[in-house]
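Engineer: Sequence:
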Amino acid sequence: FGVTFFVLAPEHPLVERITTAGRKKAVRAYVAAASHQTEIERQSTDRAKTGVFTGGYVTNPISGTRVPVWVADYVLMSYGHGAVMGVPAHDGRDFEFARKYGLPIIQVIAPEGEEPSDTATWNEPRLATGRLVNSGTFDGTAASEAKATIIADLEARGIGKGTVNYRLRDWLISRQRFWGAPIPIVYCAEHGTVPVPQEQLPVLLPDHVDFKPTGESPLRYVPDFYDTTCPICGGPATRETDTLDTFICSSWYFLRYCDPHNTTAAWTQEKVNTWMPMDMYIGGPEHAVLHLLYARFFVKALRDMGHLSFDEPFKRLFHQGMVLGSDNQKMSKSRGNVIAPDAVVNQYGADAVRCYLMFMGPFDQGGPWNNQGIEGIARYLNRLWNVAIFAEGLPAHAAVGASPSDIARQQHKVTKRITDHYANLRFNTVLSAAMELTNTLSAARESGEAARHPADYRAAVATLVRLLAPLAPHITAELWHRMGHTTSIHDQDWPTFDEALTQDAVITIPVQVNGKLRATVGVAAEADEATVRAAAEADPKVQPHLADKSIRKVIYVPGKLINFVVG
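So in the numbering used here, the last spot in the sequence shown is 582, and the numbers never skip.
No lab work stands behind these hints, which were simulated from the structure alone. Among the hints, a few may not be true.
Unchecked claim - Pair by pair, the computed Cβ-Cβ distance ranges are:
| hint | residue 1 | residue 2 | range |
| --- | --- | --- | --- |
| 1 | 29 | 295 | 29 to 39 Å |
| 2 | 139 | 326 | 38 to 48 Å |
| 3 | 139 | 163 | 20 to 30 Å |
| 4 | 228 | 134 | 46 to 56 Å |
| 5 | 519 | 394 | 42 to 52 Å |
| 6 | 345 | 93 | 57 to 67 Å |
| 7 | 186 | 279 | 22 to 32 Å |
| 8 | 335 | 276 | 50 to 60 Å |
| 9 | 394 | 318 | 23 to 33 Å |
Glycine included, each C-beta is placed from N, C-alpha and C at the ideal position.
Required output: the full structure, derived from the provided sequences and hints.
Structural biologist: Below you can see the structure in the form of structure tokens.
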């Protein structure tokens, strides 16, 4: 209902047919001028919209009105069918075009609660959503639902059909540069464009090239590469000097990783089905469109060709955050806020840098670099070293105590938490939890508990260094070796935990009287209701509220609270 003009791309085959005799000269001149512009130039939002009236009209099948047909270069033949409807009231490009050529503007969407207004007073289109107006029987329909409703009506009447226009364009895969996979094509004066035979693949780049600027690819000036023979006639031929877009290589490398030593095929079905699809793909958001689009395209194409049996390459995508300068700005030489990795590694060690990068914030957010932060991590790693080295002086074959020590309970609690943190990529909280266990071990060393429970202390240290091995691989490998192990820490099984030991030995139970908190009591985690009630009734803060009163009811939520209802 809001369509007031119809636009064809200059290349559309109907342009010549629909143009009236009196408009042919002007239309042909416009089409000729448009042919000298690239699609990128024609799509630019900065240039003024231009067009030419064909003299022809089409009928709107919904409203029955006749609308003029124009030719405009902002419509591309490569998108959709090269023909678009102009709805100037609700599209910026169409609004600009209609204003320039004096075409009608009809409002067909109004925000909730607003009446249609005079479009002659508008300075810009109305892009807000709302409900349909000036739309006949569809008035009042929510704009979000109107498209499907109108398409259904057109299909029911047999005068139209819904379709999907994809914005995906053809992929221009050639690049005028040296670095890239050579395009396996040669040019022969006799046979023209000839593919390189399978047995001559791959075509390899030369090792030595001259990069002096010539306006052409440096491959053009490497005779051993450029000059070749025609695979058909054996006569002189030249190689294609354009190379493939590097996205070609990065779009399927992960498939080759599944079977990298196979010399007869890129992969076997058995190997690729074992490893793919990928469980987790971590990459920056700058690759979220192009690289992922191409990688998915490759996988789907290879699936259609019978080389793969799955539809998607990646089960889960995760974007890591960016490390910013100390001024909270993106690192840049011009800003002078760049942190050189080599310098901080030399000063603090690779493990400190790795751990600080993980500790500085959530993995998907990143944050500003802070020298005080990495200094704190370096101090922590020194503390880790000290608590681990202390275990060397403890009896190596001490018996485990009859009941779990606080050290053992903390070890199992932290193991459970860190295992969950790793699974959810919460690396900053991995370190926080590791610091808690380190503090427990440090306190046990000072209090003498480590000497009383040497087996628990040594076990906790062995667990702690394995938990930290992914983040601090060097110091943990050294500590593991010093603990007497002969195999690498990175070949060990992941630490396990006993669910029972992740629970506190003593828990705190709130005590309420008539719903009001009066005290808390500490009881054994396995204490039954009678034990909890006895402890609550004996508490001096609770007794005054129970004295001389009748306990009508006791509400006990195991491990959570106890409430006395008195009267």
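Engineer: Hint by hint, say whether it matches the structure.
Structural biologist: Cross-check of the supplied hints:
For residue 29 and residue 295, the Cβ-Cβ distance of about 50 Å falls outside the hinted range of 29 to 39 Å, so the restraint is violated. A hinted range of 38 to 48 Å holds for the C-beta pair residue 139 and residue 326, which are about 43 Å apart. In this structure the supplied range 20 to 30 Å holds for residue 139 paired with residue 163, their Cβ-Cβ distance being about 27 Å. As the Cβ distance of residue 228 to residue 134 is approximately 55 Å, the hint placing it in 46 to 56 Å holds.
Checked against the hint of 42 to 52 Å, the C-beta distance between residue 519 and residue 394 comes to roughly 29 Å, which is inconsistent with it. The beta-carbon spacing between residue 345 and residue 93, approximately 35 Å, falls outside the hinted interval of 57 to 67 Å. At about 29 Å, the CB distance of residue 186 to residue 279 agrees with the hint of 22 to 32 Å. Checking the proposed 50 to 60 Å range against residue 335 and residue 276 shows it is violated: the Cβ atoms sit about 30 Å from each other.
Between residue 394 and residue 318 the beta carbon distance is about 52 Å. The supplied range of 23 to 33 Å is therefore violated.
Hint compliance for this structure: hints 1, 5, 6, 8 and 9 are not met, and every other hint is.
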